[in-house]
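*Asks:* So the chains spell out like this:
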Amino acid sequence: MFSTRLFCLTVFLVTTFLIGCSSGDPEKEPVILGKIELSDGWARPAAQGQSSAVYMSISNGTASRDSISNIASPIAANAGIHETYKGENGIIGMRPAPGQVIPSGEDLYFKPNGLHIMLMKLKEDLAVGDSIDVDITFNRVGTHSIRVPVKVQQ
Amino acid sequence: MKNRPIVFMLLAGLFCLATACSNPDVIPNFEDTNFSLVNEDGSAVNFPEDFKGQTSVITFIFTHCPDVCPVITANMKNIQSQLADTTGIQFIEISFDPERDTPSVLAKYKKLYKLNEQFSLLTGQPAEVDSLLSKLEITAIKTRVDSLHRDSSEYAMKHSNTIYIMDEEGRIRKEYPANVVPPENVIEDLQKIR
Ligand SMILES: [Cu+2]
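Residue numbers (the UniProt record's numbering), protein chains in the order written: chain A, 1 to 154; chain B, 1 to 194.
Okay, chain B solo, but in the shape it has when bound (with noise of 0.2 angstroms):
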């Protein structure tokens, strides 16, 4: 058995794959931070301070996105329409794109997308995003959406495909993939927590 070492280190390394697979990834936590968003309407909120006391269904797009944006911001939706009360629950979108989904922009994608007064659409200064992306281990990369390379103003993300609910405290608590999870999964967890 020359081989041993390696086999070994086969092993090992599949044990690392298996246990890393199986153990969900730890849920991200504030610990006392707050970060300084803006909402559609362009007034500043303190994120997640503003948006204690009442339990939030957190998800991120940008509005750029047309194909599985619109498919995360429609599930937001059925969790919405789907739970029989919605008192004390509330809805946030946060961009990843804050150079171009600024406040007005945001407004309209409300409008377009009939999402009502439950709905908080966030954006703010880039750095200040980006670091509570990093926070909430939310990834958001540009890319090139032009094959033919005509227009490099033109970009995509990709990006974390993530609804969280965050409770009360503002606590992370629950973590989805966004654009496939069945709505009443989220409003079974919401029923516990809220």
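So that you can see chain A by itself, here it is in the shape it has in the complex (with noise of 0.2 angstroms):
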């Protein structure tokens, strides 16, 4: 009696983990019109140990808004994004600025002053002329990898 009822228990978990598994919701279709793009990216100079930012413009020419989920580099130990913003008397600072979102049409700029993709703890030197790979993980089109130059802003 008691392995019968295990038994219709089982199924009954089963099915619903393989129904929950096929159906899924709707952002993780694995069908995405369109695509994002990044562009237009440079990172600063650093050396060994230190932090670098890289900037760059990322277009959402999907159908839906997506949104950063998670930034990562080879040659950094630490990476996220960063704003930076004026606090009071001409102050300023920077602060974690996570889970940036980008609607469908539009873009999202990283740029000096502003929202930056924070490199911390770099594994070697960055120096102009270099190029580094930055990996940038959106919620629903999953990981976009670019390769930026290394350069002084003028």
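Possibly wrong hints are sitting among the right ones.
Label pairs and their computed distance ranges (CB to CB) [what the hints assert, rightly or not]:
#1 B/Q54 x A/D133: 41 to 47 angstroms
#2 B/T102 x A/R95: 38 to 44 angstroms
#3 B/Q82 x A/G34: 50 to 56 angstroms
#4 B/G88 x A/K123: 38 to 44 angstroms
These are calculated hints, taken from the structure and not from any lab test. Note that the structure is predicted; figures quoted are calculated from it, not measured. Every residue gets a Cβ at the ideal spot worked out from N, C-alpha and C, and that includes glycine.
Two chains, two frames, some hints: make the complex.
*Replies:* Here it is as structure tokens:
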């Protein structure tokens, strides 16, 4: 008697699990029209152990909004999105600004004095002429990578 | 008019705010105080004494600041490159993070950012740097940069955003918002002060 009930319960659970996986939520649908593009990327020079900032434009050419869930680079121990902000009395600071959302058809700009991708604890020196890879993971479209040159701003 | 005292206080408050905003801050003065610092070569320097005799463009940075400080450094370089004649002018960047900005770290920054010999990058004992900064009314406060708090050694700073012009006698004469001031504004004043 007990084993029959256990069997039913197992069938019920497995079925639920399978249905859950196959239907999923609409945000995880594999078919995505249009694409997300990363362009105009560049990074600041910095010494090993220090931080660099990466700038670029991201355009969301897909039919839905998307958001950034993770940033990584093989060259940095930590990476994330930061924003530079103005405080009182002309003070300037920067703070984490994770989870940036890009509506469908819009662009997100990382640029000096504003949003930047912060690479922390660099594993080696970044000098002008080098280039580095940055991996940006979006909630819907997954991970996109871009190779960016190291430049000094004019 | 039961509320008259409150209205009066509000007006008085507004007036104070307005006057505080319209009066430019009094520019700080060294009053013969000197500070023992080190430059990026590791050589001892006496600030401002050793920098008298030339006109100085002074700013404040820390090298772990990859966004706004390089904008400030780019602005310093633009002031330098847009000056028709840089004779008698020197460029000084003082670190507000002396714990991490040792002379060798500053030397590397100078090289990576291609700053020439007209630039001096200064640091020193934290207490000495702090007292210089407070003399110059420069603020720098440590802040967290890692949203997940994975690493407490990784800090940033919120800080003043200032370029000063110091004349040949070591007097601070002008003050600008470092990351946004157009180089030509600084150059115009430099031509009058040098
Ligand atoms: Cu940052």
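*Asks:* Each hint needs a verdict: does it hold in this structure or not?
*Replies:* How the hints compare with the structure:
1. B/Q54 x A/D133: 41 to 47 angstroms: Holds, at about 44 angstroms.
2. B/T102 x A/R95: 38 to 44 angstroms: violated, 26 angstroms
3. B/Q82 x A/G34: 50 to 56 angstroms: Given a distance of about 44 angstroms, which is not inside 50 to 56 angstroms, the answer is violated.
4. B/G88 x A/K123: 38 to 44 angstroms: holds, 43 angstroms
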